[in-house]
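Use the sequences and the hints to build the structure in full.
At position 218 of the sequence shown the residue is numbered 218 (the working numbering), and the sequence of numbers has no breaks.
For the record, the hints were derived by calculation from the structure and aren't laboratory data. Because the structure is a prediction, the values reported are computed rather than measured. Treat the hints with care, since some could be wrong.
To be verified - Mimicking DSSO-like on lysine-lysine, the simulated pairs with C-alpha atoms at most 30 Å apart in a straight line are: (1) 296 to 188; (2) 473 to 490; (3) 382 to 454; (4) 13 to 123; (5) 344 to 457; (6) 344 to 311.
Unchecked claim - Derived Cβ-Cβ restraints for the label pairs, each shown as a range: (7) 114 to 253: 24 to 30 Å; (8) 299 to 149: 45 to 51 Å; (9) 18 to 152: 31 to 37 Å.
Glycine residues also receive a C-beta, built at the ideal position from the N, C-alpha and C atoms.
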Amino acid sequence: MPLFLSAEQKSVKGIFLNDDIYIIPYYQRPYSWTEEHCLQLYNDITQSFEEDRPYFVGNIIFAQQEGKEELEIIDGQQRLITLWLFIKAMSVIYPKLSKIKRLISVIPSWDEETEPVCKFNSKIIETEDQESLDRILLFTQNDFETEHQTYRSRGWERYSKENRNIVANAIAVYGMLWEFFEEDEGAKWEDFWEFLSNQVYLLPIILSDKELIDARNKALTIFETINNRGMDLQDADIFKAKLYDMAQRANEEDSFINRWQEITSVCRELNLTTDDLFRYYYQIIRGENRVLLREKGLRDFFFSDNMSPFKTGDYRVIVRGLTDTLCAVEKLIIKEDEHTNLAKWLQVLSAYTNQYPRYALVAYYYFYRDASDDEAINLVQKLIRYVYSKGATSTVKFEIYSIISSIAHQEDIKEYFHDVDEDMINNPGRLTNGLSLLYYHLKVRNSEFLRPYKVEKLLKGIDQRSRTWDGQKYSSLANYAILPSTLSNKPIIDRLSKYQELDYYCEYLSPYLSNDDYTENEFEQRRQDIKAVLNLFFGRNE
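Set out below in structure tokens:
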């Protein structure tokens, strides 16, 4: 497919002094630049102005249907909107330059009495960016001054939460420029405007085709190759674009927008990125198709692999799959937060050093929506036995792939019994937290679900200096304890009274701590107990 494109460097004036309205399509992410981004652009532009050298902002990529005037922004939304904020601020700071106003709005018809509209038409589905743009377009200097006072008293973080990033950045840019011109009477303002409008450049790249969908695809191809200095589109942003195209072909754009908003809203509530949601969905698809080989990149799989649901051409299949996956993730998170026996086992598994076991759990709740806690515990215990026996390694993923495949086809998961070796006890390394938590739950009958919890050394550095023990002992599981919170860095003799206040002290620590110390003999007794308790869990005699 040939890429029909045009690219010609243009000044800020060349970009904004026209009748174009720039479309920000549904699938784009909301405007997300912060005060820091604006300050960097401000510093770059003002420094270039003072050094009298042109400044290049970056590329802007558009998609355009042949025969149509509308330009759809594929890449560069953040830069374009922020430059527009600079222009708007200049128009109120120095109203004598009335021609500036011609760059911030467009009269949408030949009727001179028609109210001008903003240069941007944002159709983004997750936020109300267009309302913010329209609000800023109407700002007077009094509005800026009033808002700037509020902005200064509350700070960018709080103000942006109350007013959205676009408005917060508009006020921030206004403050920066006002300070820059504060002691000047006018000449510098005109010089700066001439510089900003004529010596600040962008490179708009326009990809066109007979159909807008095809133009978008070409533009996305270019974007992936040359994207710079903007806010990178994530895989999920690209998938959203493709899904929107598929929904558009089916004349179901509104339905897709509503369902996508529901998905992203739940993702935000769960603190889950949409990229992560697609990763879980990918593992489920692999399990259904019994794929046990190394994973592909998300974009490579969903766009190129014959197993990809994108190959079916039906966006509803994908949205339904994502929704069901999200329900499984949500159920797992709920189970993790409940003060139940299952939650304790999930807590141990979540302390493992990578996310592969979690993929299996999400797959489990995807295929077994009505599973009881006891049934889930059986799987979680098997996963704990397997991954902790293998150590802290990503190679567990290959067996996890097999487990997910068995889950997808309702096959029994095999047992992973094994004997506990000395190295697991003496040198747990990155598994220290998880194994310490496991021992706590196994040792203490009716153990509490602790959140938060801390894994703390019994003999800290201050204690070790007075001992002549083998230094490796201090890394043993026998030197760690699960506590509700971190205690001060005092000698163990000063911490014993705090340990004795624990509800579970008698079962957990009392047999191995004397009244005034933790002796080497007591240390060895506790080490042997940890090994015996873990052997009961990991071994066949459990």
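Agreement of residue 473 and residue 490 with the hint, judged by alpha carbon distance not exceeding 30 Å: holds, 19 Å
30 Å limit on alpha-carbon distance, applied to hinted pair residue 344 and residue 311: At roughly 41 Å apart (the allowed maximum being 30 Å), residue 311 and residue 344 break the hint.
Satisfaction of hint between residue 454 and residue 382, Cα-Cα up to 30 Å: Answer holds: residue 382 to residue 454 is near 25 Å, not above 30 Å.
Given pair status - residue 188, residue 296, alpha carbons within 30 Å: With a Cα-Cα distance of about 56 Å, the restraint between residue 296 and residue 188 is violated, given a limit of 30 Å.
Distance restraint evaluation - residue 114, residue 253, Cβ atoms, bounds 24 to 30 Å: holds, 27 Å
Pairwise beta carbon distance, residue 18 to residue 152, judged against the given window 31 to 37 Å: Distance hint for residue 18, residue 152 holds at roughly 35 Å.
Holds or violated: residue 13 to residue 123, with C-alpha atoms at most 30 Å apart: holds, 25 Å
Range hint 45 to 51 Å (beta carbons of residue 299 and residue 149) holds or violated: At roughly 46 Å between Cβ atoms, residue 149 and residue 299 fall inside 45 to 51 Å, so the hint holds.
Pair hint outcome, residue 344 versus residue 457 [Cα-Cα no greater than 30 Å]: Status holds; Cα separation ~21 Å.
In summary, the numbered hints that this structure violates are 1 and 6.
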